[in-house]
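Undergrad: Work out the full structure: start from the sequences and follow the hints.
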Amino acid sequence: MADHPLSRRELLRSAALAGLLLPAAGALSACASPAGGGGGAASPAPTGPKTAANPLGIAEDRPFEVVIFDGGYGDAYARTIHEPLFTGKHGKVQIKHTATKEIAKTLQPRFAGGNPPEFINNSGDNAMDFGALAQDGQLQDLTELLDAPSWDDPNVKVRDTILPSAVELGTYDGKYCVLEYANTVWGIWYSKKLFDDNGWQVPKTWDEFTALCEKIKKSGECAPFTYAGKHPFYIYETILTLAAKIGGVDVLKNIDNLQPGAWKAGAVATAAGAFAEIGAKYLMEGTEGLDHIQTQTAHNKYQVAMLPCGSWLENEQKDSTPEDFGYAMFPLPSFSGSDALPYGTVHSRPGEEYFVAAKSANPRAGMEYMRAMLSKEGAGKFSELVSALTVVKGAAEGRTLTPGLESAAGALSQAGTNVTYFRFRQWYKELHDEVAAATGQLMAGRLKVDAWADRIQKKSDEIKDDSSVKKFTR
Amino acid sequence: MSGTARPAGPNRVAFARARFIAGFLALPVLLYLIYVISPYAQAFHIAMTNWRGVSASPAFVGLENFRRLLGDGVFWTAVGHNGLLLLLLPVLTIAIALFFAFLLNAGGSGGGVSGVAGSRFYRVIFFFPQVLAVAIVAVLFQQVLRPDRSGMLNGPLIALGLRPVGFLSDPRLAFWSILAVLVWQAVGFYVVLFSAGMASIPREMYEAAQIDGAGRAQMFFRVTLPLLWDTVQVGWIYLGIAALDVFAIVWVMTAEHGGPDHSTTVMAAEIYRNAFQYFKFGYASAMGVVLFFFTVAFAVAALRLSRRERIEF
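Protein chains in written order, with the working numbering: chain P, 31 to 504; chain L, 1015 to 1327.
Treat the hints as calculated values from the structure; they're not laboratory data. Built from N, CA and C at the ideal position, the CB exists for glycine as well. Be careful, since some hints might not be right.
If you want a taste of the chain P side facing chain L, the calculated C-beta under 7 angstroms gives, among others [to be verified]: (1) Asp91; (2) Gln138; (3) Phe141; (4) Ser180; (5) Lys260; (6) Gly316; (7) Glu318; (8) Ala467; (9) Gly470; (10) Gln471.
The calculated lysine to aspartate or glutamate pairs, modelled on EDC-like cross-linking and capped at a C-alpha distance of 16 angstroms, are [to be verified]: (11) P:Lys283 - P:Asp155; (12) P:Lys348 - P:Glu414; (13) P:Lys294 - P:Asp480; (14) P:Lys459 - L:Glu1270; (15) P:Lys205 - P:Asp155; (16) P:Lys488 - L:Asp1086; (17) P:Lys494 - L:Asp1086; (18) P:Lys501 - P:Asp491; (19) P:Lys135 - P:Asp100; (20) P:Lys131 - P:Glu113; (21) P:Lys331 - L:Glu1270; (22) P:Lys135 - P:Glu113.
TA: See the structure below:
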């Protein structure tokens, strides 16, 4: 026996050495170098004759691929609504349908390899960066689509059937190239049943709002307010909307344009201070450690009265919402009489991005597919199926909507032109991460408003100075 | 001339031998070159470009990524966390694993040298965490550490009328929660490893020590530990690599993937974030290159320090 233990040790030792030779950087081997050379020399995109039925002149015999992000909206809307709508008009065009939860993982190698699919729903956690795609000329110019006659009425251009904000938000470098299809409205969500049962009124001013929080807290019925603590986007969205209400839309424009001192504007500080106070006094216990599903489920269980969210909320919670819950939302209360924007202003912006890959084999078919999506039928049925509004004007009219969506649609139409939004979240993800991290600390009381603004401003300035990051302006 | 066998000289034998060996080695070496060496070479190349992941022809930017890296506070926070893990993870894991392994093998109170009662059963229990996938461990502990009534640790606290502890939501605590989970997950394997090592220590040594009147503590420090030193070193190196390589637990378990407020982030998480979320593949590769050098430095240091005289038995 005495002869062998050593060899066991040697074995262990050499195993350890082998371990050393294969060190940690696993992420590295996941990257593949781009296929150099190529680019630009691709064969011209196939076309067909332009006719009234085929205004974009697609080749009627060439297939194309549709890639759908299989997330909150699923992919059934594409399979059962948009694709049949398209093939109804272009029977010979084969559609290859792909659904994935991991857009970048699936598609990035294909972009780097030069054979991307035509139509892409670039969405979800694993979406590809639009800044990077734009920088690299991968986004097909969709101006021609805007100027094409609409699906429903040849006398009306596509441009005139959709919200102007959709065109602005889909524009990168002065070129309209991203279709933002679903329209989201943000607000404070509550249960109509809970409010009615307790005689609580929707607050219209900040004083009414804090008084309501106080009342709810005292009642012991439930906690007044919560947000998805693990994802502070949900609360910084609210802070920025309040800031825009107080100081006007330029507050957010300056932030988006990485202006020096944009985050130190008075309106931003006031709004941040107001919500920091809510954070200190009225948050549901444990909020900062819970995610959106956990807080929204607590809301459904009547453990908390209000939470900020976008209009996808009702659809996301449909399995855990009690029958008579009565989802409804109200716009942010006015902060004071001197607010720059009136009561009813909402944060609303088109979202859920789709684009056509410029370097794909058949980009025109992708554009024609978008034209089909933007028809009244395509958009209206989408709204019914996935409980979300679209950028197509009036497409939801006459459709049966759920109560929460009805309430969101109502708030949006009341807001009229008083709509705010910000774009840095899509443009500069790093800034978004820093704002989220700092705002989580602000709400937990570990960061004062001044330090919060300093930190974010510093990041904003850093990005402004980083030559490798493409800059956008609005 | 026909019928004459050609002389089988020593050269020919050596050649045949070399051919035989090369025949066996060619494939593994080729695979190693393709799947290990070439990605590394590529990473060094990508680190000097501004590649954002989708371009077919990224521009060469020299050392700019490394220059920017020097001023990247978040990355250095991550390096600090890895450093702390490199110190603490092996120490804590090995200490706890040695303690348990000793109890399982030589801690029994009965006569002779034996483990505590039920040691076979415990050995299986200790190994459980090793069997679970890392992602499952992370999700499991997310639930255990939840800050509301559903949390296994906070539920009783709230029931007692105390305020819940933000194990993962308080930036001052989150890192320690991560460390605890890493230790929890690692201990089982090292208990088994050290148990195997202890089982091969000749029983007579313990018996001799017992006859000389050694207590349990003395037996552990004077007999077990010196004879187990090689195994402990191996464990140390493995755990050091694990500490530099922490990713999944942090990414899955924490808010903001390494938060809150970067309080738990590690190098691998920053690489992943910059590559797959910011699409700064060039910059992320530069981080990977830095991580590579840290790992190599650790390997060299570990090999130097582990040269120590071996006790033969």
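Undergrad: Quick one, is the P:Ser180 hint okay against chain L at 7 angstroms, beta carbons?
TA: 31 angstroms, violated
Undergrad: Is P:Lys494 within 16 angstroms of L:Asp1086, Cα to Cα?
TA: 15 angstroms, holds
Undergrad: Take the C-alpha atoms of P:Lys131 and P:Glu113, compute the straight-line distance between them, and say whether it is at most 16 angstroms.
TA: 19 angstroms, violated
Undergrad: Under 7 angstroms, Cβ to Cβ, is where P:Gln471 needs to be relative to chain L, so tell me if that hint holds or is violated.
TA: Given a least distance of 5 angstroms, the restraint on P:Gln471 holds.
Undergrad: Can the restraint linking P:Lys294 and P:Asp480 be considered satisfied, given a maximum Cα separation of 16 angstroms?
TA: Cα-Cα ~8 angstroms, so holds.
Undergrad: Does the structure keep P:Lys488 and L:Asp1086 at a Cα separation of 16 angstroms or less?
TA: Distance ~12 angstroms between P:Lys488 and L:Asp1086 Cα, so the pair holds.
Undergrad: Going straight from one Cα to the other, do P:Lys205 and P:Asp155 come out at no more than 16 angstroms?
TA: Judged against 16 angstroms, a Cα distance of about 25 angstroms means the pair is violated.
Undergrad: Against the 16 angstroms threshold, does the CA-CA distance of P:Lys501 and P:Asp491 hold or violate the hint?
TA: This hinted pair holds, its Cα atoms lying about 12 angstroms apart.
Undergrad: Does the structure keep P:Lys135 and P:Asp100 at a Cα separation of 16 angstroms or less?
TA: 14 angstroms, holds
Undergrad: With chain L as the partner, please determine if P:Lys260 meets the hint condition of a C-beta pair closer than 7 angstroms.
TA: Since the shortest Cβ distance to chain L is 4 angstroms, the answer is holds.
Undergrad: Given P:Gly470 was flagged as interface, is its beta-carbon under 7 angstroms from a beta-carbon of chain L?
TA: 5 angstroms, holds
Undergrad: Let's test the interface hint: is any C-beta of chain L closer than 7 angstroms to that of P:Ala467?
TA: 5 angstroms, holds
The structure does not agree with the numbered hints 1, 4, 11, 15, 20, 21, 22 stated previously, though it agrees with the rest.
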